[in-house]
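Participant: If you read the sequences in order, they're chains A and B.
Okay, so the first sequence: first residue is 1 according to full-length UniProt numbering, each after it adds one.
Okay, so the second sequence: first residue is 1 according to full-length UniProt numbering, each after it adds one.
Careful, some of the hints might be misleading.
Straight-line Cα separation of at most 30 Å, DSS-like style, residue types lysine-lysine; simulated pairs [to be verified]:
hint: 1; chain 1: A; residue 1: Lys37; chain 2: B; residue 2: Lys121
hint: 2; chain 1: A; residue 1: Lys121; chain 2: B; residue 2: Lys37
hint: 3; chain 1: A; residue 1: Lys108; chain 2: B; residue 2: Lys108
hint: 4; chain 1: B; residue 1: Lys47; chain 2: B; residue 2: Lys121
hint: 5; chain 1: A; residue 1: Lys108; chain 2: A; residue 2: Lys47
hint: 6; chain 1: A; residue 1: Lys47; chain 2: A; residue 2: Lys37
hint: 7; chain 1: B; residue 1: Lys108; chain 2: B; residue 2: Lys37
hint: 8; chain 1: A; residue 1: Lys108; chain 2: A; residue 2: Lys121
hint: 9; chain 1: B; residue 1: Lys47; chain 2: B; residue 2: Lys108
hint: 10; chain 1: A; residue 1: Lys121; chain 2: B; residue 2: Lys121
hint: 11; chain 1: A; residue 1: Lys108; chain 2: B; residue 2: Lys47
hint: 12; chain 1: B; residue 1: Lys108; chain 2: A; residue 2: Lys47
hint: 13; chain 1: B; residue 1: Lys37; chain 2: B; residue 2: Lys121
hint: 14; chain 1: B; residue 1: Lys121; chain 2: B; residue 2: Lys108
hint: 15; chain 1: A; residue 1: Lys121; chain 2: A; residue 2: Lys37
hint: 16; chain 1: A; residue 1: Lys121; chain 2: B; residue 2: Lys108
hint: 17; chain 1: A; residue 1: Lys108; chain 2: B; residue 2: Lys121
hint: 18; chain 1: A; residue 1: Lys121; chain 2: A; residue 2: Lys47
hint: 19; chain 1: A; residue 1: Lys108; chain 2: A; residue 2: Lys37
hint: 20; chain 1: B; residue 1: Lys37; chain 2: B; residue 2: Lys47
The set of hints was computed from the structure by calculation and includes no laboratory data.
Just so we're clear, the structure is a prediction, and the values are computed from it rather than from any experiment.
2 protein chains.
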Amino acid sequence: MQRERTRIMVGVNESTIKGYPHASISSRGAFEWILQKIVRSNTCGFKLIFLHVQVPDEDGFDDTDSIYASPDDFKSMERKGRARGLQLLEYFVTRCHEIGVSCEAWIKQGDPKEVICHEVKRVRPDFLVVGSRGLGPFQRVFVGTVSEFCVKHAECPVLTIKRSADEAPQDPVDD
Amino acid sequence: MQRERTRIMVGVNESTIKGYPHASISSRGAFEWILQKIVRSNTCGFKLIFLHVQVPDEDGFDDTDSIYASPDDFKSMERKGRARGLQLLEYFVTRCHEIGVSCEAWIKQGDPKEVICHEVKRVRPDFLVVGSRGLGPFQRVFVGTVSEFCVKHAECPVLTIKRSADEAPQDPVDD
């Protein structure tokens, strides 16, 4: 008897490292780990649901060379932001197709921790995977951690995958 | 190409409910969830490593009808405690053998959160699974939570599985 696929929601985000417009180290690490340690050869047993939550920039602008003077300017910014998110998700979706693992991808906007927990409620995955930078308590106070919040509040099992020490960039707050 | 089995360490404990000398609700829930959602039909792809950490009773006595007057009395108490832990592990090991999933089981003594993180370092599982009662912040202050500590400190990915609301006993601190 083979049941429905196990549906794994994976929170993914962009790298914060300048000049590195790709999936973050934590996101890619978590994704490859899932394939290797959970999915293994059983590619028909799982479905990956990628969720990227875009955070509006603190000042509302993400390109200081542009002038935002009309609502249309903001619309074009939003479009650019969406395009960026799509590029990020393309990486994961392409990899899944290569391997033959079923997947889907979503972009949402808002506070990542809140949106992820909300999407868990809506989509009802079997479990949620979140990467973590593995920050110490001092760094945590300033950057907060999405993973801690999700472990407490998401209404499904949560797998937290810390970035390994040898993958950490020079500034551990980067990812 | 088939790699080594994925080694999953599972923290298990006894029920705290009086007259119910078995695996806790969280432990059994987490175990069945792993079989159903992770192992699935791929029984050769995984190995489960059960770890039960016995907590010395706060007052050092676990049977008020007995007199503890000599070192030998304490020895017999320790033996009883060990026998209890074995019975608990027998449940999981028997289930694994029925299904054909490779497993091993360990009993250690001490503070569960510290011992689990120490064993992760020693045994190097691919990931750790801990059940959680899903207590609110008020309850958490008094009972502490092993799962929160492990998510922060264990040197491997950690999967936290909350007990579902319909499995919670009358007193949510029980398990």
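Participant: Below or equal to 30 Å on CA atoms is what counts here, so check lysine 121 of chain A against lysine 47 of chain A.
Facilitator: holds (17 Å)
Participant: Regarding the pair lysine 47 of chain B and lysine 108 of chain B, is the alpha-carbon distance no greater than 30 Å?
Facilitator: Holds, because 19 Å separates the two Cα atoms, which is no more than 30 Å.
Participant: Hinted pair, alpha-carbon criterion (30 Å max): lysine 47 of chain A, lysine 37 of chain A. Please report holds or violated.
Facilitator: holds (15 Å)
Participant: Does the alpha-carbon distance linking lysine 37 of chain B and lysine 121 of chain B stay inside the 30 Å limit?
Facilitator: holds (26 Å)
Participant: Lysine 121 of chain A and lysine 37 of chain A: Cα distance at most 30 Å?
Facilitator: At roughly 26 Å apart (the allowed maximum being 30 Å), lysine 37 of chain A and lysine 121 of chain A satisfy the hint.
Participant: Does lysine 47 of chain B sit within 30 Å of lysine 37 of chain B, going by the straight-line distance between their CA atoms?
Facilitator: With a Cα-Cα distance of about 15 Å, the restraint between lysine 37 of chain B and lysine 47 of chain B holds, given a limit of 30 Å.
Participant: Is the hinted pair lysine 121 of chain A and lysine 37 of chain B satisfied, with a Cα-Cα distance of at most 30 Å?
Facilitator: Roughly 18 Å separates the two Cα atoms, so the pair holds.
Participant: Regarding the pair lysine 37 of chain A and lysine 121 of chain B, is the alpha-carbon distance no greater than 30 Å?
Facilitator: Measuring from Cα to Cα gives roughly 18 Å; hence the hint holds.
Participant: Lysine 121 of chain A and lysine 108 of chain B: Cα distance at most 30 Å?
Facilitator: violated (37 Å)
Participant: With a cut-off of 30 Å on the C-alpha distance, tell me whether lysine 108 of chain A and lysine 121 of chain B pass.
Facilitator: violated (37 Å)
Participant: Would you mind confirming whether the straight-line C-alpha gap from lysine 108 of chain A to lysine 37 of chain A stays at or under 30 Å?
Facilitator: holds (28 Å)
Participant: So if I understand the rule, the pair passes when the alpha-carbon distance is 30 Å or less; does lysine 108 of chain A with lysine 108 of chain B pass?
Facilitator: violated (45 Å)
In the structure shown, a violation is registered for the earlier hints numbered 3, 10, 11, 12, 16 and 17, in ascending order.
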